[in-house]
Amino acid sequence: MLEISNLKKNFGGIKAVNDCSFKIKENSITALIGSNGSGKTTVFNIISGILKPDSGKVRFNKKIISEKQPHEISNLGFSRLFQQSRLFDNLTVKENLHLALNNQDTFFLKSLFKTIFNKEDNKKILELAKIMEIESFMNKLTKNLSYGQKRLVEIARAVLNPHKILILDEPTAGVNPKLRKEISKLLINLKKRGDTILFIEHDLNFTLKIADEIIVLDEGKIIAQGKPNDIKKNKKVLEAYLGE
Amino acid sequence: MIEEYFIHLLILIGIYLILAISLQLSIGFTGLLNLGHIAFFAVGAYTSALLTLNGFPFCIGLLLAGLIAMLFGFLLSWPTKKLKGDYLALATLAFSFVIYALALNWIGLTRGPLGLPGIPKPSLFGFVFSSNFSFLILTVIIALISYVVIKKTVSSPFGKVLEAVRDDELAAKVLGKNTFKMKTYALGISAFFAGIAGSLYAHYITFIDPSSFTLLQLIPILTIVIIGGLASLRGTLIATVIIILLPEPLRFIGFSSSIIGPARQIIYALLLLLILIYRPKGFFGRVNLK
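These protein sequence lines are chains P and D, in that order. In terms of the numbering used here, the first sequence is numbered consecutively and its last residue is 244. In terms of the numbering used here, the second sequence is numbered consecutively and its last residue is 290.
Bear in mind the hints are in silico, worked out from the structure with no lab data behind them. Errors might be hidden in some of the hints.
Unchecked claim - Below are the DSBU-like pairs computed for lysine-lysine, each with C-alpha atoms no more than 35 Å apart in a straight line: (1) P:LYS114 <-> D:LYS82; (2) D:LYS151 <-> P:LYS227; (3) D:LYS84 <-> P:LYS15; (4) P:LYS143 <-> D:LYS82; (5) P:LYS164 <-> D:LYS281; (6) P:LYS52 <-> D:LYS81; (7) P:LYS143 <-> D:LYS121; (8) D:LYS82 <-> P:LYS52; (9) P:LYS15 <-> P:LYS124; (10) P:LYS8 <-> P:LYS178; (11) P:LYS143 <-> D:LYS151; (12) D:LYS281 <-> D:LYS151; (13) P:LYS164 <-> D:LYS121; (14) D:LYS151 <-> P:LYS140; (15) D:LYS84 <-> P:LYS68; (16) D:LYS82 <-> P:LYS62; (17) D:LYS121 <-> P:LYS123; (18) P:LYS221 <-> D:LYS82; (19) D:LYS82 <-> P:LYS57; (20) P:LYS123 <-> P:LYS15; (21) P:LYS110 <-> P:LYS178; (22) P:LYS68 <-> D:LYS82; (23) P:LYS23 <-> D:LYS152; (24) P:LYS192 <-> P:LYS164; (25) P:LYS235 <-> P:LYS23; (26) D:LYS281 <-> P:LYS114; (27) D:LYS281 <-> P:LYS236; (28) P:LYS124 <-> D:LYS151; (29) D:LYS281 <-> P:LYS110; (30) P:LYS123 <-> P:LYS25; (31) P:LYS221 <-> P:LYS63; (32) P:LYS15 <-> D:LYS81; (33) D:LYS152 <-> P:LYS110; (34) P:LYS164 <-> P:LYS178.
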């Protein structure tokens with residue numbers, strides 16, 4: 001479904017991504033792990049179209065997408081969660097979620113005669129809000145939320161954004177253990193629904209529990225790739241990532 | 001006499017309101033620090049004046065004033081599409097200097113510094129808005145329509161996307177929004193209404209020259225937007241009334257007109273400074289100045 005081949009990206013003299021190649025199967029959960037600065041987020045930024053690779057290609061359903069703009073890539077079926085909060089601060093939680101749902105709202109004249117929240121959208125938003133436990137602050141401006149609350153809204157926004165593949169950068173960072181369980185349940189359910197998920201995570205227990213496949217990056221290179229049980233025992237991974 | 005004076009002030013409030021709410025659309029709602037607004041005002045004024053002076057009816061002049069200003073808005077969005085904040089402000093400011101230079105030097109079209117005198121009073125369906133009172137009614141109707149359209153725009157799903165672009169353009173892109181298209185629309189719509197205001201101004205004063213469209217003329221409009229509060233149409237309305245009326249008492253103190261002009265600029269600058277220091281969000285602003 002998603003194929004990354006010979007991806008390279010340098011920042012000045014630093015090789016952030018160095019000849020990276022991997023494939024993501026449809027309807028699977030893949031984790032991208034590695035120490036800080038290993039190039040995980042850079043790979044995500046290239047897949048999302050935010051950064052252009054120096055060389056190499058990203059293919060989605062066999063078509064090259066690495067030359068496309070971020071909004072075009074998103075409309076092909078990519079939904080992205082960022083590591084840092086990127087909510088629309090001066091809009092409410094509900095408005096933030098609504099913006100993820102509909103891409104017809106960019107037609108000026110048509111949009112003038114639409115209401116912001118139609119019944120169908122409201123239903124979808126409320127269903128997810130209950131699962132994510134965010135329904136009590138739906139009308140709050142997102143700039144007034146706590147870090148944890150913001151994170152939950154962002155995950156909900158990424159899930160609501162129509163997608164075929166979810167790209168999540170540290171979905172459980174700063175989230176309490178109870179909600180971490182809920183998020184893992186949500187991701188497994190999304191997979192059952194047919195979604196494909198690629199995520200970055202530092203919580204190894206969470207990763208081992210839900211991932212079908214794990215890719216380990218170190219200094220921009222893939223040092224290991226395989227099933228969670230194999231990765232756990234891999235010497236290179238133990239050395240480079242876990243420091244054992 | 002005093003009635004005429006108040007009618008004159010109300011007409012100015014109407015024209016400035018259209019200018020300020022349209023600027024609010026690009027600055028407050030879309031986050032585009034556009035200092036080229038006065039150029040769209042100029043394009044509208046010259047378009048409408050030239051058309052009506054050449055025998056076209058007022059309604060055509062008014063409509064084309066908006067549409068041609070809008071076209072300039074679309075054109076301006078191309079070279080500035082990757083610019084943000086101060087850089088965008090400088091580029092749009094340069095655009096206003098270009099339009100000013102054109103108005104001053106394209107003598108064959110604009111008569112340069114001599115300006116365009118004798119711009120006819122507007123007429124619609126045989127009715128000539130020759131008295132100031134009838135012109136006030138026309139201004140109020142057009143200002144009201146402009147206010148309603150902009151209010152509807154910012155409250156629609158389209159308007160929410162504009163606000164998303166203002167708050168975090170990259171996040172909006174990653175949600176599938178074509179932010180360049182959105183910014184182009186915002187600048188175009190904003191320019192359209194500035195052009196309409198320019199047409200009204202030209203037909204009210206009946207004389208325009210390049211000096212009516214300099215940076216000095218932009219300052220009160222920008223002051224209104226900031227004092228009213230970013231992303232607040234209600235605040236913009238109140239600030240327009242205050243900014244237009246505030247320097248007026250100077251006339252009754254007995255200052256000569258050569259003092260009133262500079263004194264007005266001082267008052268605007270002082271007010272702007274005080275607001276920026278003590279109430280950076282303005283009266284009803286929802287968004288902080290970045």
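Evaluation of the provided hints:
{"no.": "1", "hint": "P:LYS114 <-> D:LYS82", "in the structure": "holds, 30 Å"}
{"no.": "2", "hint": "D:LYS151 <-> P:LYS227", "in the structure": "violated, 55 Å"}
{"no.": "3", "hint": "D:LYS84 <-> P:LYS15", "in the structure": "holds, 29 Å"}
{"no.": "4", "hint": "P:LYS143 <-> D:LYS82", "in the structure": "holds, 26 Å"}
{"no.": "5", "hint": "P:LYS164 <-> D:LYS281", "in the structure": "violated, 41 Å"}
{"no.": "6", "hint": "P:LYS52 <-> D:LYS81", "in the structure": "holds, 18 Å"}
{"no.": "7", "hint": "P:LYS143 <-> D:LYS121", "in the structure": "violated, 50 Å"}
{"no.": "8", "hint": "D:LYS82 <-> P:LYS52", "in the structure": "holds, 16 Å"}
{"no.": "9", "hint": "P:LYS15 <-> P:LYS124", "in the structure": "violated, 42 Å"}
{"no.": "10", "hint": "P:LYS8 <-> P:LYS178", "in the structure": "violated, 38 Å"}
{"no.": "11", "hint": "P:LYS143 <-> D:LYS151", "in the structure": "holds, 24 Å"}
{"no.": "12", "hint": "D:LYS281 <-> D:LYS151", "in the structure": "holds, 20 Å"}
{"no.": "13", "hint": "P:LYS164 <-> D:LYS121", "in the structure": "violated, 60 Å"}
{"no.": "14", "hint": "D:LYS151 <-> P:LYS140", "in the structure": "holds, 22 Å"}
{"no.": "15", "hint": "D:LYS84 <-> P:LYS68", "in the structure": "holds, 22 Å"}
{"no.": "16", "hint": "D:LYS82 <-> P:LYS62", "in the structure": "holds, 31 Å"}
{"no.": "17", "hint": "D:LYS121 <-> P:LYS123", "in the structure": "violated, 55 Å"}
{"no.": "18", "hint": "P:LYS221 <-> D:LYS82", "in the structure": "holds, 32 Å"}
{"no.": "19", "hint": "D:LYS82 <-> P:LYS57", "in the structure": "holds, 25 Å"}
{"no.": "20", "hint": "P:LYS123 <-> P:LYS15", "in the structure": "violated, 46 Å"}
{"no.": "21", "hint": "P:LYS110 <-> P:LYS178", "in the structure": "violated, 43 Å"}
{"no.": "22", "hint": "P:LYS68 <-> D:LYS82", "in the structure": "holds, 16 Å"}
{"no.": "23", "hint": "P:LYS23 <-> D:LYS152", "in the structure": "violated, 47 Å"}
{"no.": "24", "hint": "P:LYS192 <-> P:LYS164", "in the structure": "holds, 13 Å"}
{"no.": "25", "hint": "P:LYS235 <-> P:LYS23", "in the structure": "holds, 23 Å"}
{"no.": "26", "hint": "D:LYS281 <-> P:LYS114", "in the structure": "holds, 30 Å"}
{"no.": "27", "hint": "D:LYS281 <-> P:LYS236", "in the structure": "violated, 55 Å"}
{"no.": "28", "hint": "P:LYS124 <-> D:LYS151", "in the structure": "holds, 27 Å"}
{"no.": "29", "hint": "D:LYS281 <-> P:LYS110", "in the structure": "holds, 32 Å"}
{"no.": "30", "hint": "P:LYS123 <-> P:LYS25", "in the structure": "holds, 31 Å"}
{"no.": "31", "hint": "P:LYS221 <-> P:LYS63", "in the structure": "holds, 24 Å"}
{"no.": "32", "hint": "P:LYS15 <-> D:LYS81", "in the structure": "holds, 30 Å"}
{"no.": "33", "hint": "D:LYS152 <-> P:LYS110", "in the structure": "holds, 12 Å"}
{"no.": "34", "hint": "P:LYS164 <-> P:LYS178", "in the structure": "holds, 27 Å"}
Hints 2, 5, 7, 9, 10, 13, 17, 20, 21, 23, 27, counting from the list given before, are not met by this structure.
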